[in-house]
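Participant: Chain order of the listed sequences is A and B. Just so we're aligned, residue 0 is where the first sequence starts under numbering that gives the first Met the number 0, counting upward by one. Just so we're aligned, residue 0 is where the second sequence starts under numbering that gives the first Met the number 0, counting upward by one.
In case anyone wonders, no lab produced these hints; they're calculated from the structure. There could be a bad hint or two in this list.
Unchecked claim - With a cut-off of at most 20 Å between alpha-carbon atoms, the simulated EDC-like pairs for lysine to aspartate or glutamate come out as follows:
| # | chain 1 | residue 1 | chain 2 | residue 2 |
| --- | --- | --- | --- | --- |
| 1 | B | LYS35 | A | ASP460 |
| 2 | B | LYS35 | B | GLU25 |
| 3 | B | LYS35 | A | ASP203 |
| 4 | B | LYS35 | A | ASP463 |
| 5 | B | LYS35 | B | GLU24 |
| 6 | A | LYS431 | B | ASP57 |
| 7 | A | LYS104 | A | ASP356 |
| 8 | A | LYS431 | B | GLU24 |
| 9 | A | LYS431 | B | GLU70 |
What the hints assert, rightly or not - Here are the computed distance ranges between Cβ atoms for each label pair:
| # | chain 1 | residue 1 | chain 2 | residue 2 | range |
| --- | --- | --- | --- | --- | --- |
| 10 | B | GLY118 | A | SER412 | 21 to 31 Å |
| 11 | A | GLY421 | B | PHE27 | 34 to 44 Å |
| 12 | A | PHE131 | B | PRO86 | 43 to 53 Å |
| 13 | A | ASP463 | B | TRP18 | 47 to 57 Å |
| 14 | A | PRO390 | B | PRO63 | 16 to 26 Å |
| 15 | B | VAL76 | A | THR15 | 42 to 52 Å |
| 16 | B | VAL76 | A | SER470 | 45 to 55 Å |
| 17 | B | PRO64 | A | PRO246 | 50 to 60 Å |
Note that beta-carbon positions come from the ideal geometry of N, C-alpha and C, so glycine has one too.
Take a look at the letters that make up each chain.
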Amino acid sequence: MDTLSSLADGFAIAITWENMLLALLGCFLGTIMGALPGLGPSNGVAILIPLAFTLGLGATPSLILLTSVYYGAMYGGRISSILLNIPGDEPAMMTCLDGYPMAQKGQAGEALAISGIASFVGSFFATWGLIFLAPQLVKIALLFGPAEYFALFALAFATLGGVSSTNQAKSAFAAALGLGLAMIGVDTQTGVPRFTFGEVHLYDGLDFLVAIVGLFALSEVFIFLEHRHGNADAAKKAVVIGRLTPPMSMIKQCTPTMLRATFLGFLAGVLPGAGASLGSFISYSMEKKLVDKGTFGKGDPRGVAAPEAGNNAAAGGALVPMLALGVPGSGTTAVLLAVLLSLNITPGPLLFTQNPDVVWGLIAALFIANFMLLAMNIPMVGLFTRILMVPPKVLMPIVAMVSFVGIYGISGSTFDLQVMIGFGLLGWVLRKFDVPLVPIILGTLLGNAMESNMRRAITIDNGDWWTLVDSPLALTLWAIAIIGFILPVLVGKVIKSKMRRDDESSLSD
Amino acid sequence: MSDRIFGVIGLLLSVFYIWAALIIEESFLSDAVGPKAFPIIIACVLGLSSIVIALRPDPEPVWPPLGQLAEIAAAAVVMFLYSMLLPEIGFIFATILAATYLAWRLGSTLLGSVLTGLGTSIGIYVIFHLVLGLSLARGPFGF
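Take these sequences, add in the hints, and give me the full structure.
Facilitator: Here's what the structure looks like:
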C-alpha cells in the first residue's frame, strides 16, 4: 500500500494548472508528431527537449511535458497508418495491415476509434505495470556495484539493436561511435583534455542535445530533400472518416485481444532490445494465430486493436528499465534519458528515494495524459487528420528552424549550430548505410557514466581488471549481453523478413 | 562496394582514434586505469566492427544521383551560412532566408516558399520569443 500512497502524493504534485496545461500541450503536440509521417516519437521529443529546457521549466514539469509527447506520439502514429497506409512512426507499421483496409471499406472512423481505445487500454495497464514492477527492479538494482553497472551498460548496448536487427556489426559500430564521441572533452577524473585538438569549444564535451537534434531532426530534413521528387509530393486523397463510435459488439469482440496484446507488449517493452516495434509485431502475430479466421489483413478490427494495444503497452514498459536502472531499452526512452540527464537528475535506483516527487509526479501525469489522449483522440480525431495534410515542403523548413532555435536557445553559440549541422549530415549518411542511430545517441549519453563505473570498479580493486567479471550478478549480466548480441545474428534475418512479408502482403492487396 | 569503403573508413577512424588516445597527456594524479584505457577499448570495438562490415557487406544502398547529392550539400551550406548570419542580421531575417530556401528546394513555388519562410520566421518569433520569452539572436534592429 506504500505504492498507492506514493501515487496519491504523485497526483498531488501533478495536478496543478501549469502541469495540466503542459500535459495537454504535450499530448496535443505528441499526437501531431506521431501522426505526421517522418516525425516519430524520438524526433518529436528530441526537438522539444531544448525548448523545455530553455523555457526554464522545472524537472517535473518538463518531464510531464515530454512524456506526454512520448505517449501522444504513440497514439498519433496510428492515424496516418489507418488513413494513408503510411505508418506515422515505426511501431505503427503493423497497424497499416488491418487499419487501411478498414478505411477503404469506409470504416476509417471505427478503425480510429477502436485503435484509440486499444491505445488507451495498452498504456493504462502498462502504467500500472510500471508502478508495480519498477520498485521491484529498484530492489535488485540496489545490489549493483560499479562493475555490475558497467556490465549493465554493456548489456544495454549489446541488445539495443533488437532481435530484428539484421547487421550487428553496424549496431556495434554505432555504439562505439557514440561512446567515442562522448569521450571528447576534459576527463572528469584526472582533468586532462581528450580528443579536443586544442579547440576550446570542445573542452566541455559535445552537448548530447546537439547530437540528438542533429541526428534525428536535421537528418530527416536531408532525407526529404533527397526524396522530394518521390514520395514527398505524393498526392493524398481525402478519406471518408465515417462514424466515430465503434459499435458495442466490436468493442466486446476486441476486448480479449486488447488485454492479451497489452500483456505481451508490456513484456516486450520491459525486456532489453525489444521495444515498441517488436511489441506491436508480436501482438499482431499472436492474435493472428489465435483468432484469425481469414479476416486478418482484410480489415479485421482485432487486427487494429492488437498492434495498437501492444505498442502503447510497450511504450509504458520501456519506461521501467529507464526509470529503475537508468538504462533505456529503446530509442525514445534514450531521448527521455537525455531529458533527465540535462535536468541534472540521474535515473536509477536512487531516483526513487532521492526524487520521489519526480517519479511519482511523472507516473501520475502519465495517467492524466492517458485520459486526455483518449478524450482528444476520439472526438477530435478529425482535427488531426486535417493536420496530416500539411505537406513536407511546409513542414520540414519549420522542423529545421525549430531545431535551430532550440539549440541556439540553450547555448547561444554558433559553434553548436555548426556541430548540429555536421551531425545532421552524418545522420543522413549513416541512415543510407542502414547504421542505427539510437546506439550513437545512447553512447553519447552513457559514455562518461560507463567509463567512470569501469574505472571506479578497477580502482576499488587496486587495478585488477578481473573485478569486472568477478560477481555472479555481473557474470549473469555479461552472459545476457553476449546472448542478446549473438541471437539476432542467428534469427534476426528471419524475423525481419517475416515483418516485411506481413507488411508487403497487405500492400499488394 | 559502399559497405567496403565504409568499413575501411571506419577502420582508419579507429586507428586515428587510438593514436589520438595515445597522445593524451596523463596527469601526475591519476587513477589506476587512467584516461587512455577506455577510449582504446572503444576504438578496438570500432575497428573490429568496421572490419566485419568491410568483409561482409550488406546489399548496396540506393545512392541518389549527383544532382540530389548537390541538393543536400547546398542545403547544408545554407544552414551553415544561417548559423554564421544569425548573430549578424538577427533571427527574423536569417530565418526568413533559410526557411524560404528550404521550402523552395523541397518543391514549393516561389511565392509559396516566400510565404512559408515569412510564416515560419514570424510564427516562431511570436510563439517562442513574444509568448514564451525565449531569447533569440538579436540583429541590428533588435530582432
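Participant: With reference to the structure, classify each hint as holding or not holding.
Facilitator: Each hint, compared with the structure:
no., hint, in the structure
1, B:LYS35 <-> A:ASP460, "19 Å, holds"
2, B:LYS35 <-> B:GLU25, "8 Å, holds"
3, B:LYS35 <-> A:ASP203, "18 Å, holds"
4, B:LYS35 <-> A:ASP463, "16 Å, holds"
5, B:LYS35 <-> B:GLU24, "9 Å, holds"
6, A:LYS431 <-> B:ASP57, "11 Å, holds"
7, A:LYS104 <-> A:ASP356, "48 Å, violated"
8, A:LYS431 <-> B:GLU24, "37 Å, violated"
9, A:LYS431 <-> B:GLU70, "16 Å, holds"
10, B:GLY118 <-> A:SER412: 21 to 31 Å, "27 Å, holds"
11, A:GLY421 <-> B:PHE27: 34 to 44 Å, "35 Å, holds"
12, A:PHE131 <-> B:PRO86: 43 to 53 Å, "52 Å, holds"
13, A:ASP463 <-> B:TRP18: 47 to 57 Å, "28 Å, violated"
14, A:PRO390 <-> B:PRO63: 16 to 26 Å, "20 Å, holds"
15, B:VAL76 <-> A:THR15: 42 to 52 Å, "46 Å, holds"
16, B:VAL76 <-> A:SER470: 45 to 55 Å, "53 Å, holds"
17, B:PRO64 <-> A:PRO246: 50 to 60 Å, "52 Å, holds"
Comparing the model with each earlier hint shows violations of hints 7, 8, 13; every other hint is respected.
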